[in-house]
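There are 2 protein chains.
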Amino acid sequence: MLIVQKYGGSSVADPDRIRRVARRVVNLRREGNDVVVVVSAMGDTTDDLIELVKRIAANPPDREMDMLLSTGEQISIALLAMAIHAMGEKVISLTGPQAGIITNDVHTKARITDIQAERLRGELDAGKIAIVAGFQGLNSNNDITTLGRGGSDTTAVALAAGLRADMCEIYTDVDGVYTTDPRLAPEARKLASISYDEMLELAHLGAGVLHPRAVECAKIHGIPLHVRSSFNQEPGTIVEEVNRMEKDMVVTGVAHDLNVAKIGIFDVPDIPGVAYRIFKTLADNSVNVDDIVQSSMRDGVNNISFTVAQSDIRRALTLVEEKILADVKAGGYTHELEVAKVSIVGAGMVTNPGVAALMFEALAEENINLVMITTSDIKISVIIKHEDGVRAVQALHRKFNLAGEPA
Amino acid sequence: MLIVQKYGGSSVADPDRIRRVARRVVNLRREGNDVVVVVSAMGDTTDDLIELVKRIAANPPDREMDMLLSTGEQISIALLAMAIHAMGEKVISLTGPQAGIITNDVHTKARITDIQAERLRGELDAGKIAIVAGFQGLNSNNDITTLGRGGSDTTAVALAAGLRADMCEIYTDVDGVYTTDPRLAPEARKLASISYDEMLELAHLGAGVLHPRAVECAKIHGIPLHVRSSFNQEPGTIVEEVNRMEKDMVVTGVAHDLNVAKIGIFDVPDIPGVAYRIFKTLADNSVNVDDIVQSSMRDGVNNISFTVAQSDIRRALTLVEEKILADVKAGGYTHELEVAKVSIVGAGMVTNPGVAALMFEALAEENINLVMITTSDIKISVIIKHEDGVRAVQALHRKFNLAGEPA
Chain U
284 MLIVQKYGGS SVADPDRIRR VARRVVNLRR EGNDVVVVVS AMGDTTDDLI ELVKRIAANP
344 PDREMDMLLS TGEQISIALL AMAIHAMGEK VISLTGPQAG IITNDVHTKA RITDIQAERL
404 RGELDAGKIA IVAGFQGLNS NNDITTLGRG GSDTTAVALA AGLRADMCEI YTDVDGVYTT
464 DPRLAPEARK LASISYDEML ELAHLGAGVL HPRAVECAKI HGIPLHVRSS FNQEPGTIVE
524 EVNRMEKDMV VTGVAHDLNV AKIGIFDVPD IPGVAYRIFK TLADNSVNVD DIVQSSMRDG
584 VNNISFTVAQ SDIRRALTLV EEKILADVKA GGYTHELEVA KVSIVGAGMV TNPGVAALMF
644 EALAEENINL VMITTSDIKI SVIIKHEDGV RAVQALHRKF NLAGEPA
Chain R
284 MLIVQKYGGS SVADPDRIRR VARRVVNLRR EGNDVVVVVS AMGDTTDDLI ELVKRIAANP
344 PDREMDMLLS TGEQISIALL AMAIHAMGEK VISLTGPQAG IITNDVHTKA RITDIQAERL
404 RGELDAGKIA IVAGFQGLNS NNDITTLGRG GSDTTAVALA AGLRADMCEI YTDVDGVYTT
464 DPRLAPEARK LASISYDEML ELAHLGAGVL HPRAVECAKI HGIPLHVRSS FNQEPGTIVE
524 EVNRMEKDMV VTGVAHDLNV AKIGIFDVPD IPGVAYRIFK TLADNSVNVD DIVQSSMRDG
584 VNNISFTVAQ SDIRRALTLV EEKILADVKA GGYTHELEVA KVSIVGAGMV TNPGVAALMF
644 EALAEENINL VMITTSDIKI SVIIKHEDGV RAVQALHRKF NLAGEPA
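Just so you know, the protein sequences line up as chains U and R, in that order.
Each residue of the first sequence is one higher than the last, beginning at 284 in our numbering.
Each residue of the second sequence is one higher than the last, beginning at 284 in our numbering.
Everything labelled a hint here was simulated from the structure, so no lab data went into it.
Being a predicted model, the structure only gives us computed values, none of them experimental.
Treat the hints with care, as some may be off.
No copy is singled out in the list; a pair is fine if it fits within one copy or between any two copies.
[Said to hold, decoys possible] Heads up, simulated EDC-like pairs for lysine to aspartate or glutamate below, C-alpha to C-alpha not over 20 Å straight-line:
1. LYS612 to GLU470
2. LYS392 to GLU499
3. LYS373 to ASP388
4. LYS411 to GLU648
5. LYS668 to ASP458
6. LYS473 to ASP456
7. LYS337 to ASP297
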């Protein structure tokens with residue numbers, strides 16, 4: 284088998300952990316597998332480098348940020364290769380550029396456009412374990428780029444696709460994908476498998492185990508992902524194409540995000556281009572908008588509500604007050620600095636019309652008021668008061684019987 | 284003018300110093316010059332990385348050491364480029380590979396074989412200051428190599444040669460090249476200029492300001508070097524082709540190395556191949572031999588003496604006892620664990636037969652006994668007792684009147 288493994292920064296945070304990862308890689312190799320290992324920067328390396336930058340330049344060029352931050356992974360791959368070499372296996376480290384990770388030119392958030400895997404394949408054919416720097420690639424100027432958030436997961440999946448690997452294992456500090464956050468609901472159960480689409484929704488909804496980009500890439504190329512812990516040998520959760528319609532389990536998991544803020548703009552003229560102007564202004568000023576809901580209250584005017592991360596709310600409010608209200612001739616706005624978003628996810632949902640009602644019942648039983656509702660084919664999200672968040676997660680987990688064994 | 288500058292690790296050890304270097308570079312640019320800047324790794328970065336390695340592998344592959352250590356300079360170039368960008372100048376950082384530093388395949392001590400300066404020239408033509416990582420290059424496998432000791436100086440000189448620069452400035456933590464070590468002889472005088480050959484001898488003799496490799500490369504390509512301090516604006520010492528025969532100053536400087544040990548092998552059969560066998564054994568076991576002296580005491584047998592660094596003496600003695608004595612059928616050996624090497628250097632020496640006598644007179648006046656003597660066209664070295672070292676430097680500096688103004 285050809286297996287691509289990815290280890291995050293906490294898995295290689297110090298020499299002891301690096302040796303532990305090396306031992307795991309060597310064992311897999313000695314079972315007769317070809318192994319490609321993608322690693323992130325050690326623990327706090329990236330943060331330390333960013334601290335240095337703050338003392339030098341307020342607004343550094345993105346290209347130079349990539350030049351700087353890509354050193355973090357380069358340190359990890361060299362050290363891991365040394366640890367594996369010390370255990371007697373043939374091994375070589377490769378930077379993203381050396382591994383043939385070709386990207387577009389957008390520094391600090393480049394997207395992978397091609398995998399030129401000739402060298403990597405050659406090293407594997409020569410019997411070596413290949414250690415590849417995650418998070419980085421090479422653009423058409425021969426410059427180092429970085430992939431932005433979720434970059435190392437995406438490197439691993441893209442390499443797995445480029446090499447037609449049998450499996451891509453993503454090692455993290457959790458055991459796998461749970462029906463909900465075990466810190467909020469101790470009865471949460473680890474899922475043995477989950478579909479790409481469900482995982483995508485969970486990833487978008489803040490489950491945090493995998494980045495949506497990586498899941499998307501795995502789905503497109505049909506690469507099975509195994510999400511598991513680097514601190515034990517337990518199997519984790521397999522992300523793959525699953526036909527959920529033949530199962531009783533309609534809802535797969537409950538996700539939450541407690542760091543949400545909400546803005547509502549009311550009495551917006553009901554004419555074309557209004558939404559464009561609002562969200563263009565926010566995007567141009569780097570405010571990331573999450574959910575958007577528009578509804579008509581009375582003739583000729585609309586209400587538009589949206590959520591942002593709490594870290595963006597001050598900037599968003601300034602833009603609304605100083606620019607957007609006048610721009611779109613709105614009547615005014617409301618905001619809530621701290622709300623929670625709780626979602627249920629399940630591929631079987633689309634064929635089960637009663638799921639939404641069941642969800643709202645659970646929340647009503649807890650006397651939880653709904654501020655906003657948004658839905659997609661495989662998830663339903665509600666925005667509720669911040670202090671209701673944890674209780675909502677627990678109630679939904681119970682209502683959909685997620686702690687029980689799957690049928 | 285096209286000027287290549289090189290700043291060592293202590294000059295970029297922290298954000299304040301990086302900004303100070305940036306200010307210097309920007310000033311030079313604003314005077315209308317094209318500027319290429321070569322930098323080393325910040326202060327202790329390299330040592331910190333080596334510490335990490337020690338906790339992971341006893342005998343790491345050289346290729347992986349290069350992969351690891353080359354990150355140090357990559358961090359420096361990105362940070363310096365950010366600092367210069369923040370001052371409003373166009374700037375780009377380039378790794379050794381990006382700057383076209385092509386080397387042979389000998390990891391950890393590669394030699395530069397070619398400079399492919401197309402990209403660097405293009406960036407200069409586009410009006411940018413170019414910041415290049417010292418100490419590193421690219422070999423024919425597309426792997427990162429490092430140049431070993433003196434690497435960053437050599438990078439700077441090689442780039443100056445490849446770009447046909449007008450001047451190569453080497454910034455260090457000293458003001459320039461002195462007639463001797465000012466810590467030993469406070470009356471030591473900074474030289475305004477010195478010839479390549481004299482600088483080469485001084486570099487080999489432990490003067491420490493410049494690495495012999497860099498001086499050699501500058502001599503071959505006729506690149507004038509300006510050795511100066513990054514902590515002030517004073518002119519330093521220019522290393523260039525100088526015709527010393529028209530000057531009165533026969534001796535340019537006094538060099539010393541107090542960390543020397545000496546081994547003498549006596550009654551060695553006077554047959555071909557003996558020296559080869561002795562020094563091959565030492566070289567194969569990584570003992571660096573400095574001076575070698577052979578003399579005949581009586582018919583048919585020779586004495587061979589040599590010096591090594593004190594850090595190598597234990598290993599050297601073990602090799603002599605366990606292998607070399609039997610190998611060459613020698614009568615026995617003597618050794619001195621701590622001796623000093625003191626040398627006078629001057630291009631005019633070859634035409635002044637009295638110089639050696641004057642040197643020995645100075646040492647005799649101080650009642651200093653000579654253990655070994657070696658000479659070249661432009662230097663005379665003596666090995667003396669360790670405790671006589673400092674006194675010898677001071678006596679020679681006085682005897683050759685080096686503190687006085689040059690004629």
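Going through the hints against the structure:
Taking the shortest Cα distances, LYS612 and GLU470 never come within 20 Å of each other, neither inside one copy (50 Å) nor across copies (81 Å). For a Cα distance limit of 20 Å, the shortest separation of LYS392 from GLU499 inside one copy, 16 Å, qualifies, whereas the shortest one across copies, 44 Å, does not. For a Cα distance limit of 20 Å, the shortest separation of LYS373 from ASP388 across copies, 19 Å, qualifies, whereas the shortest one inside one copy, 34 Å, does not. Taking CA atoms no more than 20 Å apart as the test, LYS411 paired with GLU648 passes in neither setting, with 59 Å inside one copy and 66 Å between copies.
Within a single copy, LYS668 and ASP458 get their C-alpha atoms no closer than 30 Å, and across copies no closer than 67 Å, so neither meets the 20 Å cut-off. For the identical chains of this complex, LYS473 and ASP456 are intra-copy neighbours only, at 14 Å inside a copy versus 60 Å across copies, given an alpha-carbon limit of 20 Å. In the homo-oligomer, the alpha carbons of LYS337 and ASP297 lie at most 20 Å apart only across protomers (12 Å), although the nearest pairing inside one protomer, at 25 Å, exceeds that limit.
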